[in-house]
Structure formats: structure tokens, C-alpha cells
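These protein sequences, in sequence, are chains Z and Y. Note that numbering that gives the first Met the number 0 has the first sequence beginning at 0, numbered continuously upward. Note that numbering that gives the first Met the number 0 has the second sequence beginning at 0, numbered continuously upward.
Just to be clear, a hint being listed does not mean it is correct.
[Stated by the list, open to error] No more than 25 angstroms apart at the CA atoms, straight line, and that leaves these computed lysine-lysine pairs for BS3-like:
| # | chain 1 | residue 1 | chain 2 | residue 2 |
| --- | --- | --- | --- | --- |
| 1 | Y | Lys130 | Z | Lys169 |
| 2 | Z | Lys233 | Y | Lys17 |
| 3 | Y | Lys17 | Z | Lys225 |
| 4 | Z | Lys218 | Y | Lys17 |
| 5 | Y | Lys358 | Z | Lys65 |
| 6 | Y | Lys130 | Z | Lys105 |
| 7 | Y | Lys345 | Z | Lys120 |
| 8 | Y | Lys365 | Z | Lys120 |
| 9 | Z | Lys126 | Y | Lys366 |
Hints listed in this document are in silico derivations from the structure and should not be mistaken for laboratory results.
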Amino acid sequence: MQAKNLIYDGTFDGFLTTVFYVFEHKLKTVTIQNEFTVQQGLFSENEAIFTDEVKANRVWKGIKSKLSSNGSYQLYYAFLSEEVGVEDLLLGYIQYAFSQQKTVDKDYSHPSILKIAQIAKSVGREKHRMEAFVRFRLTKDDIYFASIEPDFNVLPLIEKHFKRRYANQKWVIYDIKRGYGLFYDLETVELINMDFPENFNFTKTDDAFFATQEFEFQKLWQDYFKATNIASRKNMKLHIRHVPKRYWKYLSEKQPN
Amino acid sequence: MSFQRTQEKLKILADAAKYDVSCSSSGSKRANTNKGLGDATGMGICHSYTEDGRCVSLLKILLTNHCIFDCAYCVTRKSNDVKRAAFKVQEVVDLTLNFYRRNYIEGLFLSSGIFKSADYTMERLVAVAKKLRLEENFNGYIHLKSIPGASDELMREAGLYADRLSVNIEIPTEAGLKKLAPDKKREDFIKPMVKVKNEIIQYNAEKKIIKSTPKFAPAGQSTQMIIGASGENDFQIMQTSNHFYKSYNLKRVYYSGYVPISYDNRLPQIGSAVPMLRENRLYQTDWLMRFYGFDVSEILNEQHQNLDLDVDPKLSWALRNLHEFPVDVNTADQRMLARIPGLGMKSVFKIINARRFRKLNWEHLKKIGVALNRAQYFMVCDSNQFEKRDLTSEKIKGLILQNSTSKYQKMLSNQLSLFG
Numbered sequence: 000m001q002a003k004n005l006i007y008d009g010t011f012d013g014f015l016t017t018v019f020y021v022f023e024h025k026l027k028t029v030t031i032q033n034e035f036t037v038q039q040g041l042f043s044e045n046e047a048i049f050t051d052e053v054k055a056n057r058v059w060k061g062i063k064s065k066l067s068s069n070g071s072y073q074l075y076y077a078f079l080s081e082e083v084g085v086e087d088l089l090l091g092y093i094q095y096a097f098s099q100q101k102t103v104d105k106d107y108s109h110p111s112i113l114k115i116a117q118i119a120k121s122v123g124r125e126k127h128r129m130e131a132f133v134r135f136r137l138t139k140d141d142i143y144f145a146s147i148e149p150d151f152n153v154l155p156l157i158e159k160h161f162k163r164r165y166a167n168q169k170w171v172i173y174d175i176k177r178g179y180g181l182f183y184d185l186e187t188v189e190l191i192n193m194d195f196p197e198n199f200n201f202t203k204t205d206d207a208f209f210a211t212q213e214f215e216f217q218k219l220w221q222d223y224f225k226a227t228n229i230a231s232r233k234n235m236k237l238h239i240r241h242v243p244k245r246y247w248k249y250l251s252e253k254q255p256n
Numbered sequence: 000m001s002f003q004r005t006q007e008k009l010k011i012l013a014d015a016a017k018y019d020v021s022c023s024s025s026g027s028k029r030a031n032t033n034k035g036l037g038d039a040t041g042m043g044i045c046h047s048y049t050e051d052g053r054c055v056s057l058l059k060i061l062l063t064n065h066c067i068f069d070c071a072y073c074v075t076r077k078s079n080d081v082k083r084a085a086f087k088v089q090e091v092v093d094l095t096l097n098f099y100r101r102n103y104i105e106g107l108f109l110s111s112g113i114f115k116s117a118d119y120t121m122e123r124l125v126a127v128a129k130k131l132r133l134e135e136n137f138n139g140y141i142h143l144k145s146i147p148g149a150s151d152e153l154m155r156e157a158g159l160y161a162d163r164l165s166v167n168i169e170i171p172t173e174a175g176l177k178k179l180a181p182d183k184k185r186e187d188f189i190k191p192m193v194k195v196k197n198e199i200i201q202y203n204a205e206k207k208i209i210k211s212t213p214k215f216a217p218a219g220q221s222t223q224m225i226i227g228a229s230g231e232n233d234f235q236i237m238q239t240s241n242h243f244y245k246s247y248n249l250k251r252v253y254y255s256g257y258v259p260i261s262y263d264n265r266l267p268q269i270g271s272a273v274p275m276l277r278e279n280r281l282y283q284t285d286w287l288m289r290f291y292g293f294d295v296s297e298i299l300n301e302q303h304q305n306l307d308l309d310v311d312p313k314l315s316w317a318l319r320n321l322h323e324f325p326v327d328v329n330t331a332d333q334r335m336l337a338r339i340p341g342l343g344m345k346s347v348f349k350i351i352n353a354r355r356f357r358k359l360n361w362e363h364l365k366k367i368g369v370a371l372n373r374a375q376y377f378m379v380c381d382s383n384q385f386e387k388r389d390l391t392s393e394k395i396k397g398l399i400l401q402n403s404t405s406k407y408q409k410m411l412s413n414q415l416s417l418f419g
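Modelling step: build the complete structure from the supplied sequences, incorporating the hints.
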């Protein structure tokens, strides 16, 4: 049988539909690729998969019955890592889970289960970092705006946290890398795409867009950040381990004065 | 709010509050209600880290650094020549809300120098928390200092609005306290602690019957001790700590290496090193007591009054108790697994889960994340390769130190050459 290369639309439902397809056609040699990152295999035949919510839900229900709740969320987290080849890894994991009687997700001595657990952990860490490192800035039209560039696609994971916490203010968290964001309008959270002026500088708090008091509170926060440091205990290695440099550009306390 | 005045005050009163090490923002159960601001249900979040590597989770400030006491170890002591300032209640409320809205912080940690009297001070701390909760519908985290000597009524009110209350005993022994803070009495620290403890017990009992009983300090109480200011040994420190955990149901005891801030000759002089490594070893011991099932007397006792600086306390215990090893990771119970040097609780749980599927060998353990450089001398697994030589403790310690580099290497060699 010829190797197949299944191409899906990059969504989680799309991926689950593809898994359905693999089971339905009992495919053996198969790779799954996101349509945005397709690499043509030499000896494989491409096939596009159309996302089908019903099929996706069936697969998800099946997964949830075969794995613990921890196991199924690890699977979703690992999917959001967008790592190259993660779809194939997840497919192997799902196939293995369905072939076993026991719930397998705590089998940490199995290489691909441990691998998925580790990827999920990195994604979880990034989610937590975004909950910590998002810095809202108040715009002139009374919206708290934050821009982020997370390593993984964690916006879907942080939505609930921010909705619960900032229930009485309008906010936007925009993922610049992936070109979409979340907008909370005091009622619901919506996915949005925004057009920014060309060469828009996301790290700069420009007084054309941001409220006057925003500058004062940023200054106060920077002062606080400096005053709370104990110089005789300085430990930059530890500091950078906790706040890796790639996050600095969006942290108000790390902006040059 | 006048920006410049607030800025000036913030600098002074944040600087004075920074020696309080508690930054925890977890363990509360305060959910956002009626579309208010904030939520303190989940785990704590460290929103940033200072350059000394400490977490910034709360806006940690003093209400004022005016103080009627003259405790030698304290930067706000009466006789110290520093700029003094005081926040108004509304200023603290505004700062907290605006920092919170920008996702800078999890909430407020409010402490204070003692001006006029204990109750007068406590009343103002409570007023800030009350305003945040009742007028601003703020559900973020609030940590209030219990002022030593504050009345029971005020402590009860404080607990209704705060998530955590803490009172720092600062000096581990009463003799040390007498020497460094002659105006303070141990009873004054204990009094609010007892009140809060009893209220929490009562709250837990009442909640079982009436679900709507108003919350009382849901994240519990904590305290802090200064390390290396008054000559106590580690045995005394951990005994005190253990006593506070057991008798007052504390959530945390913090250990704060003394940062020299004074030329007072009762104290280490300005310029002497902060005992960070010792502080680290005390925290490790604290964790062994709270999460690893150790009794404090196993780690520190009359014969062994100070923690080793060159190896961690669990390894040190294992080296003194070689008769308990090696442990077979495929059969041992959780308690014994947790005692193997190089195994954290996360690895312990992974091992317990993984060994249900197959017997584990070195390769599995390494992938799971066990620190084999330490663990290998204390365990056997599904492999015929294991430490067969009958090594002495000194030999094992030597081998481990040879094959590892401590991040404290520099400090270690300094400290050893001082006493060696």
C-alpha cells in the first residue's frame, strides 16, 4: 500500500477528523501534515482532509473514554505545541491507547507517552508564563491591550483565566506571531484579527494610542520593580532563568526609561 | 492621586517592605463574583522576578515606615536615619487596582511600621482591605500583616477581608529577641496568631453546617525568621519552625538570610555576605518535613546540630543511614522512594505509576528525570548493573561531589576556607 500524506487545516477538529480517516481506512503508513507547513514526500500521495465536526467529536469522545482526563488534556496541549511531526506522534499515541485494555497515559516508561507528557508540560509552562507575563496597557478607547509572541499557540488555553479575572474591563490579548487575538467586550470573548499600521511598534507605548495615565502607571511599576530588588543578593542567572530574555520586550518593567 | 508624591512614597515604602520574603499568592479560594475585578482561586502566579531572582507576585509595600520600635535587625527601626513616608488608604487602593488591571500583580501584601499603637496600625491595614473588598469588589489576593499585640476584634475583621495573615517572629529564640528587640515580647507575636488559628478552625467547622459562612483567611497564616542575625544553630531554627507548624497550623515558615543593614555591633556588619546557601539548606529541610515525610529530628538533633553546606539535607541523612539502602524502586513504598537522594516527589509519583506497566531500569529512570548521579548509590532497579562495592559514606559523598557542580560552588569554597 502506498504511503499517504494526509493534509488538514491546522485546527484541532481537523486533526481529529484526520485521525477518524486513518481508523476508517485502516491506513498503515501515513503521515499527517498541517496545510500551512506541507512538505512533499517523495513516495507518498497527498490527500486533503475536510474538517468534520461530527467525526471529530466522535474521536474526541473515544479518546476521553480511553484516557484519564489528565491524559486527554495532555494530548490537546501537545497538539497546541505546533511542533513539526507532533501530529504523527499523537496519532501513534492514540493508536496505542486504543490497542490497549488499560488506560495508558501514566505509563511514563513508554517512550512516546513520556514524550507527549513532556511536550504537554512545555506547553503548560508557556500557558502559565503568558498568564504571568501578559502586560495590559490602557488605550485611549478604554481597552486594556496586550501583545504577546508565545512559543506555542496558547491563546485558547488562557482565555478562561483572563475572562474570569478581568470580568469588569474590556481587554485584548493579541498573538502577533500567529496573527490573531482574543477580545473581551464585558460579555463574551471573541477571536479577532486586527489590522495594524505598517511598521507598528508593539513594544512602544505611543501616546497616539494609549491613555495618558498609562504612562504614569508604567513608571510607577518600573520604580516599584527597582525598589523591591535587594542588590546584595543579585543573581542574574536565576533572574534570566525565571524571565527568559525573549519575553522582555513586552514586559513593562523591562522597558528602557 | 498626585503622581509625583505617590512615586516618591512608593519608592520609600517598597524599599522598606522588600525584606519580607513571603510572596505566595496561592491557596486561596476567592472566586470572582458579580463581575468584579480579580480572581484568587487558582495557583499563584509570579508576574515577574527581581534581579536577585525573587518572585514578584504581590504589590509588597508598607503603609508607613514610621515606627515606635527600635528592633536592631529592622531597616525601619526608630533610630535609623531614613526618609519616612506614609500612604493614604485611597492611594494604596488605587495602586493595587491599577497594577492589578494591567496584570502586574496577583494582589496586595500590606505591612506597616507601628505608629502610635498596635491597634491603631492594624485598624488602618484592615481599612485598606475592607475598602478593596467591599467598595471595589476586588477578588485578588490580599496578604495583611498581623501587627504584634493587635486586639482579637481587629484580627477577626482582618481575616474576613484578607486571604492570608502573617506575623513575623523574626528571631528564632526568645533570648535572641531579648537581645535585638528589647521592646518586643514573644507573647505579642503569638497573640494574633492564636486568634487567627482559632478563627480558622471555627470557620472550617461552621462551613460544614452553613455553606455561606463568610470566608476567613482562606490561605492561612505564615511567619518568617531571620537567619544568621542572632547566632542560632540550624537545630534551634528548625525546632522553632516545627513548633510553629504544629502548634499554629501555619501554611509556611519563611527563612530570610540576614541582609546587613546596620553598624550595630550586636549584628553581622555591613558588607558581610548574606547566608544564602544556609537559607537554601533550611528551605530544603522545611520541604523534607512538609512533603517528604521526614520528622525534623531525623535531620537535625543533639548530635547533628547544623546542616551540611556541601550536600543537601536528604543526601546527608541518607549518608548517615546507609543501613536503610539500597532501595528497590520496583517494590519500595512511597515513603521509602521519597527518601532516596536525587528523587523528588514528582519522580516518585511517576515511578509509582510507570512500574504498574513494566519493571523499570536505569534508562527509564533517567528519562523520567531522576538525578542518577546521586540516586545510583542508593537504589537498585531492573538491571544487574548496580553499585556492588561496599562503599563507606565518605566514599559515596566524595564520588557524588566529584561528579557534580554546585551552583553554590563559589560560596561554598569561601565559606569552607573561612572555617576550614
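Which of the numbered hints are not met once you compare them with the structure shown? 6
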